[in-house]
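S.K.: Sequence:
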Amino acid sequence: MPPSPSSPSPPSLPPSPSASPSSPPLLLALTSWPDPDPRASSLSSLIPRIQTERGPFKNVNEDGLHEEIAAAEKQHDPQDASKDDDQVPLSSEDPPNPREALAIKRQELIKLVEQAQFEAMYALDFVSLLLSSVRPTHAEASMSRHLKENVASGTLGSEPIRNKEPSVSAKIDSDAISKGWRSEALIQSAGSLLTAASRLAQESEREEMYWEDVLDVKREGWAICRIPRESQSLGVRFGFSEAGADEKYRGLGVLRKGADGAITMQDLGHGNTNRNAVRVRIMRDGQITGTSKPFADDTNTSGITSMIQTSRNYAYEYELFLEIAREARTLANLGFRNTDEAITFELSPNSSVIIDQTNSGDLPVEALSSNADGNLAQGLSIALHLLLSHAHRQSLKKRRTPPPLLSHRPAAAPPLFLLRPIASHLRHQGSTDEFVTSALRLTRFAESAGLTSSILLYRCHNCFSKDINNLESALDSLVGFLETKAIVKFPGGWKIVVQIQTLLAPSIFGTRFVVQTAHDGSCATLMGNNIFSSQAEVQRYLQWCLERSVINHIRIGSNVWTQIAMSNEMTQTGEQSQYKRVRIEVEVDHLAIRWTVGGSQDETYKWVQEGGGRTLDSLIKSI
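Residue numbers (full-length UniProt numbering): 1 to 623.
In case anyone wonders, no lab produced these hints; they're calculated from the structure. Mixed in with the good hints there might be a few duds.
Think about it this way: if two alpha-carbon atoms lie no more than 25 Å apart in a straight line, the pair counts; the simulated DSS-like pairs of lysine-lysine are [as the list claims (entries may be wrong)]:
(1) K580 - K606
(2) K105 - K148
(3) K495 - K580
(4) K621 - K606
(5) K257 - K218
(6) K485 - K495
(7) K489 - K580
Assemble the whole structure, with the sequences as input and the hints as a guide.
M.R.: Here is the structure:
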């Protein structure tokens, strides 16, 4: 194709004189043919030009383009233009335009020269870089700028290599070595396969043993579960679902596979840092006189079920001590103290109960003697464990009932009743024993004086008998209101009914004595109920009743004696010299009668618990 109109024409020489005027002049370029403008031949410029010259592309077809090309060639060649239209067109073998062919050849020659120049520069750079490791100064002078900027000098080296023809023996040795290496590789592969097979057999045995132990745990009734943070591990739940909110997470263990395949358990709640049991001790006069025995620790046993049961026991012990400490803080007004990681409360002025945690291995042997205080401590420990189990059952029953109405402020869960029932029974038993002791002392005073007196004791409400047939009913009675009735009979037909009531809750908060007194004789009346809150008050009242009962006995036995205004004194009227006065006095340690005759000096006679001596009736007759 002819050059585009926009491209400049190369300079040309004047036509030769020998050239014919009819032939076109021969043009020789003295400078390089200019490169076409890339913007003129770009697609972004061609499309607008085509649309401007030709219109839409739908109007352009191949036949029309061929016709335009032929017309342009005829217009360019004046000889061809003078020919007729029916002349046969030139064949494809006609020689092309010399000027165009020369331009094409020139461009090809220029490209080949440039390519040769580039390859020569590349070869020069390669040789210069290779020589830079030997003679860097001379080599860098012939390097191109691009190579100097991107590649460091001396980075390319060379050394001569001389190939030697291998001998026949070397070829034989090479074949033998190749076979040897191949044989050794096969032997190593066989050994690796055998080792893998044996290891697979061992792993299979370990897995079989592990899953057998897991099935044994499942058959024993333990719950198998997934571990929250270890999705690939199995766990066992051995805790108590009815435990407190702080203790629910402690009953979870991970079932690990040991080196020999035997199953082991890792306790997530306690581990080996808090494996202590609750201990109950009795202290009297500053000395430990009894200690409870902890449960047997089966940690060293090999069975997985024994390990789970031991962890369950330790979780139970830990929860028990936390609940005891929590309840003790609410019972400070009743004498409970929580100091030095131990809970203490008094049994009597000189004795107390201490509850703490200890390891069974740290317990001395001499402290496990089975004396009275040791049995008391062991009984208190058993009662605490039973009360916690009873609290779990009560919580389960509560969850089965319909829940209470929703509120903005839900009620806080109260502490469990563990110490309160035990303290109630201990106080009630202590109060009952002290009352019976004081009442028996008074009856013995009366019996030593020859009078009739007795005391009867009845367990009325929630007081244990020696034989416990039903544990559930026994636990229900352990946490309830306690009441014991004592009937004391004094001389003269006096009858005192004392109801000893204990409750460490509203409205008693301790022990009270409800006393009903009745007597017969000339004034047989019901004297009503008297309520006392201390042993000293009821003891003083019993002494008062014994004084009046003795006066009533004297009055009934003899008509000559007259009681003075329901007091503890009697008189016998008569002549001045025969005036007699009798006074009955009851103290803590004796029963005494004091009399005077005719205003003389008083005389006294005492009766103590030991029998013997004169009787009251004989003494009254002698007066």
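S.K.: Would you mind marking each hint as holding or not holding in the structure?
M.R.: Verification of the hints:
Between K580 and K606, the direct Cα distance comes to roughly 19 Å. Compliance with the 25 Å bound is thereby established for this hinted pair. The hinted pair formed by K105 and K148 fails the criterion: a straight-line CA distance of about 36 Å is larger than 25 Å. The suggested pairing of K495 with K580 is violated, with an alpha-carbon distance near 29 Å, which exceeds 25 Å. At most 25 Å may separate the alpha-carbon atoms for a hinted pair to count; K621 and K606 meet this at roughly 16 Å.
The hinted pair formed by K257 and K218 meets the criterion: a straight-line CA distance of about 16 Å does not exceed 25 Å. Taken as a hint, the K485 and K495 pair is honoured in the structure, with Cα atoms around 13 Å apart against an allowance of 25 Å. Restraint check for K489 and K580: not satisfied, since their Cα atoms lie roughly 29 Å apart, outside the 25 Å limit.
In summary, the numbered hints that this structure violates are 2, 3 and 7.
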